[in-house]
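Participant: Next come the chains, spelled out residue by residue.
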Amino acid sequence: MQKLFQAKVYVSLKKGLADPQGSTIKEALESLGYRNLSEVRFGKYIEVKLRAKTKKGAEQKLKEMCGKLLVNPIIEEYSYHIEEEG
Amino acid sequence: MKEPERITLDLVRAHGLTEEEYKKIKDMLGRDPNFTELGIFSVMWSEHCSYKSSKPLLRMFPTSGENILIKAGEENAGVVDIGEGLAVVMKMESHNHPSAVEPFQGAATGVGGIIRDIFTMGARPIALLDSLRFGHLGNGHNRYLFSGVVGGIAAYGNCMGIPTVGGEVYFDETYEGNPLVNVMCVGVARRDNLVKARAGGLGNPVLYVGADTGRDGLGGASFASRELTEESDKDRPAVQIGDPFKEKLLLEACLELLNTGVVVGMQDMGAAGLTSSTSETASRGNSGMRIDLSLVPRREEGMIPYELMLSESQERMLVIIKRGKERETRRVFDKWDLHAVPIGEVTDDGYLTVLDKDRRVAEIPVKFLTEDAPVYMREEREPEYLGKIKDVSISTIPEPQDYDDVLKILLASPTISSKRWVYEQYDYMIRTDTVLRPGGDAAVIRIKGTEKAIALTCDGNGRYCFLDPYEGGKIAVAEAARNVVCVGAKPLAITNCLNFGNPTKPYVFWQFRRCVEGIADACGILETPVSGGNVSFYNENPKGAIDPTPVVGMLGLIEKMDFLCTPWFKKEGDLIILLGECREEIGGSEYLQLIHGLKAGQIPRLDLERERAVQNTCLEVIRAHLVSSAHDCSEGGLAVTLAECCISNSGKERGAIIELEAFPEILSIRMDALLFGETQSRILISCHPRNFLQIQRVARRNKVPCARLGVVTGDRLTIRRIKKRVLDLSLKELGEKWRKGLSHGDD
Amino acid sequence: MRFGVVVFPGSNCDYDCYYVVRDLLGEEVDFIWHKERRVEGFDCLILPGGFSYGDYLRTGAIARFSPIMRAVSGFAARGGLVIGICNGFQILLESNLLPGAMMKNKNLRFICRFVNIRVENNLTSFTNLCQIGQVLKVPIAHIDGSYYADHEIIGTLKENNQIIFRYCNEEGGLAQESNPNGSKDFIAGISNRQGNVLGLMPHPERASESILGSEDGRLIFESVVRAVKGRVK
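Residue numbers (the working numbering), protein chains in the order written: chain A, 11 to 96; chain B, 412 to 1158; chain C, 9 to 241.
None of these hints come from the bench; they were simulated from the model. No experiment lies behind these values; they were computed from the predicted model shown. Errors might be hidden in some of the hints.
Derived lysine to aspartate or glutamate pairs resembling EDC-like cross-links, with alpha carbons at most 20 Å apart [unchecked claim]:
| # | chain 1 | residue 1 | chain 2 | residue 2 |
| --- | --- | --- | --- | --- |
| 1 | B | Lys-746 | C | Glu-44 |
| 2 | C | Lys-237 | C | Asp-31 |
| 3 | C | Lys-43 | B | Glu-739 |
| 4 | C | Lys-192 | C | Asp-152 |
| 5 | A | Lys-25 | B | Glu-711 |
| 6 | B | Lys-1134 | B | Asp-815 |
Pair ranges (Cβ atoms, derived) [claimed, not checked]:
| # | chain 1 | residue 1 | chain 2 | residue 2 | range |
| --- | --- | --- | --- | --- | --- |
| 7 | A | Glu-95 | C | Gly-163 | 55 to 65 Å |
| 8 | A | Gln-16 | B | Asp-769 | 51 to 61 Å |
| 9 | C | Asp-38 | B | Arg-1108 | 29 to 39 Å |
Chain A stretches covered by chain C per the calculated footprint, using a threshold of three residues with CB under 8 Å from any CB of chain C [unchecked claim]:
| # | segment |
| --- | --- |
| 10 | 20-34 |
| 11 | 54-61 |
Ideal Cβ placement from N, Cα and C applies to all residues, glycine included.
Hey, can you work out the whole structure from these sequences and the hints?
Facilitator: What follows is the structure, encoded as structure tokens:
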């Protein structure tokens, strides 16, 4: 019996890589008066709904998608959150 | 990163230095270098920075001429006089290895780097061109590389507001796994505003401007000086991420600062970053420099001196200003929200002295790093493959049954087909000076405020150079010159990017030498000196070296705007004329490769005197307003050239009827060689019938064959021989094939 | 009359607009740096194309906070003429001076080419020299140019005649093939309700000389001159 899972994938540039978008946004925030910002990183957020028998299976599929398409491992890293749809 | 305690030979080798080179370093210094110094030597003595294998041969290039203001090698880019107090600054550079690893960022940062080389000289960048080569598009990875590279160039160039006006794209299996991404940037400056990349004036402040330093591209220059292997994925340096927005601010701020007269010298922190910019400016200025690394803005924690000196973070500049002018300088950079940080000063002791607060982390005479870098005469040997593939007898090749099909296949091949899919992703119109857009023989950029325009193109053919590097080198120059002549420009000077395999392989070095000789000879006779260039070695994939691929970037001058000429047929009833002659030459042609699967044979012979005569004839008849169009006859031969003249002006296509008996050569040449052979020194023109006699007269005076082939008419391209049809296709069909070659049917 | 061309960090069509006004129209024009807080003595402000703040986050999203934008809003509220071209249009959208938003082109790629646009309303200060239904040949050059607005906004735009230009074919027909970026309802340019703020994706400044392939874009600048000079009389 397949269940429906909702996955949220957060993609960002790898730590240590220059993040021009992030630093430009940080400067803009500072010029709007927001001080004490230590860092702004820009990223992408992707939602995927998928069917699988188990959560583990869904996770495995999701990791595969990240490796194949969603994430460019040369410059990006990702984290995700996955749960069964109620 | 942690500093190793001892310098071992393994460590030396890991830096790409040989044992002998390390010994030389020790002898010069009179002591062992420390780890930071080893890093500094390794990048400055890398092939990429030192040209240690190519230097002796590059001396063959003619580098002076009446229009050359700054000669190749004296500065970061050559400078060509175009009159009225104006100078053109141009340079081409490769970003092959970074693009193989991450195509989008690799190509983008390639564009960024070459732009900085132009504006640091005080010139406003006005055009970009790209010469690209990939493996076949049938392979998914090659499609990924191709679209990534084009996307990266578009993202960076478009954001900078510099039009990408031309270039070339080839697909061949030799570039599988090692694509070529060569970017050319052209700028214009007032002659008296040119700045040199040299440090002078004891005590003048040295400023660091632009992005913060991270661990990007650590050791990129030595990375570029090695072969790409399966292992490269692991040991590659951190990918550099381009920030075109920051660079746009740098561009505007630097040009504004230059106008205030406070700048002594400026250099981009490109390959080898802080190391090369400090030592090269000091070396050119015959001075020294002292910098304190603790003052360098950084993006990451815990960076050691070695990393700071070798980082290749993008969008950074080294600026040397006059002492006491700090306030003016800060005002300009503040306006553009850029930080200019004083990190040191010019000295007169001839040393590069690097401090980290109070600690001395490196102390090296700058000339050791620049002029005293090793130079090698590499071993060379004519490759064995040449003996096997050169002699292909044309009689063993079957003649095609259906020439319509052959033409359609050629037009639809990605290398020949329309490059619209590529250039429409580039903003080629910005600055409102692009009077001849991409897709013609050369791009034409007008110079506002004058009557003038410049013509730009880049050309190279790796297959020709594989089969005959000397003739191939000559052809690259000749074709580039012919292209600018076809738009009505006088060829002035070239820049180049020489892409080869591993120079320590004797056959690669032989290819290199022969190509350089060919380019040098052609530049000599066509009077287009070499204003600068770049060498990219170690372009290899698991199958071996890529085909030798020198790319020539040509600058031409149109003194008066109304000399401008375009390639496409225009008026019903115009005559079609060929300048030059057809020979039975199909070796190395697209036809032979695509239709018969052969990469072999004797490539077309190029007679440089004839070439010059054809170009002079063409320029003279264009400038006398005798012709309606002119188009260079190159890949795909006469038939493809005719088709392009018919269909390349989208929406205003014109047909043609060609009578082959007009060719004196018709009796002695096979039909396929006549239609698809790539004999050099040919230009296809069209003209009003009343101008034909005059054109003939000019051609005769120049001893150039001039045959009337047919007439512009109707909506088909028809080629006949004694009234019998040889080839007959509607323009609609030709256009569809030609336009669909690259677009994946989505547009 | 006097035009002002606003320069944001990353603007790159600023000089092209300046050139058209000064050299081709022969009118007065100044650059206005984005850190200025006042705009005085101008009859028309141009927000030029480019990549303000690198187009980071969203096109125009950061530029709308530049000090000059408050002044531009005030200028517009007083009835001053404002043209936003390409990135300038995107900034006007983010600033809520015009309704709607921009999405990526339908092919997800940057597109630089000449397109045809049809004049839908010629009773504005920007189109008074055009005919209704007239087809103008003007280039586009953008990657985020697919205009989007919900049903309600589109309805209001239609009701108030705020759709000024639509993408079309050479004959003026509306066909999906001639909608280069997938804009909603073929929209290439809109105005505010009062008709004094225009935003358009195509670049009229690149089509103001025959040597560049079209002079049609000049009609927009010349209409402005006519409107302003007529008003003074």
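Participant: Next, verify each hint and record whether it holds.
Facilitator: Status of the hints after comparison with the structure:
1. Taking the CA atoms of B/Lys-746 and C/Glu-44, the gap is near 11 Å; set against the 20 Å cutoff, the hint holds.
2. Between C/Lys-237 and C/Asp-31 the CA atoms are separated by roughly 18 Å; this keeps the pair inside 20 Å, and the hint holds.
3. Pair hint C/Lys-43 plus B/Glu-739 holds up; C-alpha atoms about 19 Å apart against a cutoff of 20 Å.
4. For the hint linking C/Lys-192 to C/Asp-152, the alpha-carbon distance of about 13 Å falls within 20 Å, and the restraint holds.
5. At roughly 9 Å between alpha-carbon atoms, A/Lys-25 and B/Glu-711 fall within 20 Å of each other, so this suggested pair holds.
6. With a CA separation close to 17 Å, the supplied pair B/Lys-1134 and B/Asp-815 stays within the 20 Å bound.
7. Between A/Glu-95 and C/Gly-163, the C-beta spacing of about 35 Å breaks the proposed range 55 to 65 Å.
8. One distance hint, 51 to 61 Å for the beta-carbon pair A/Gln-16 and B/Asp-769, holds here, with the actual separation near 57 Å.
9. Remark: the range hint 29 to 39 Å for C/Asp-38 to B/Arg-1108 is contradicted by a beta-carbon distance near 55 Å.
10. Requiring three or more residues with a Cβ within less than 8 Å of a Cβ of chain C, the coverage given for the segment 20-34 of chain A holds, as 3 such residues are present.
11. Chain C is given as covering the segment 54-61 of chain A, and this is violated because 0 residues of the stretch bring a CB closer than 8 Å to a CB of that chain, at least three being needed.
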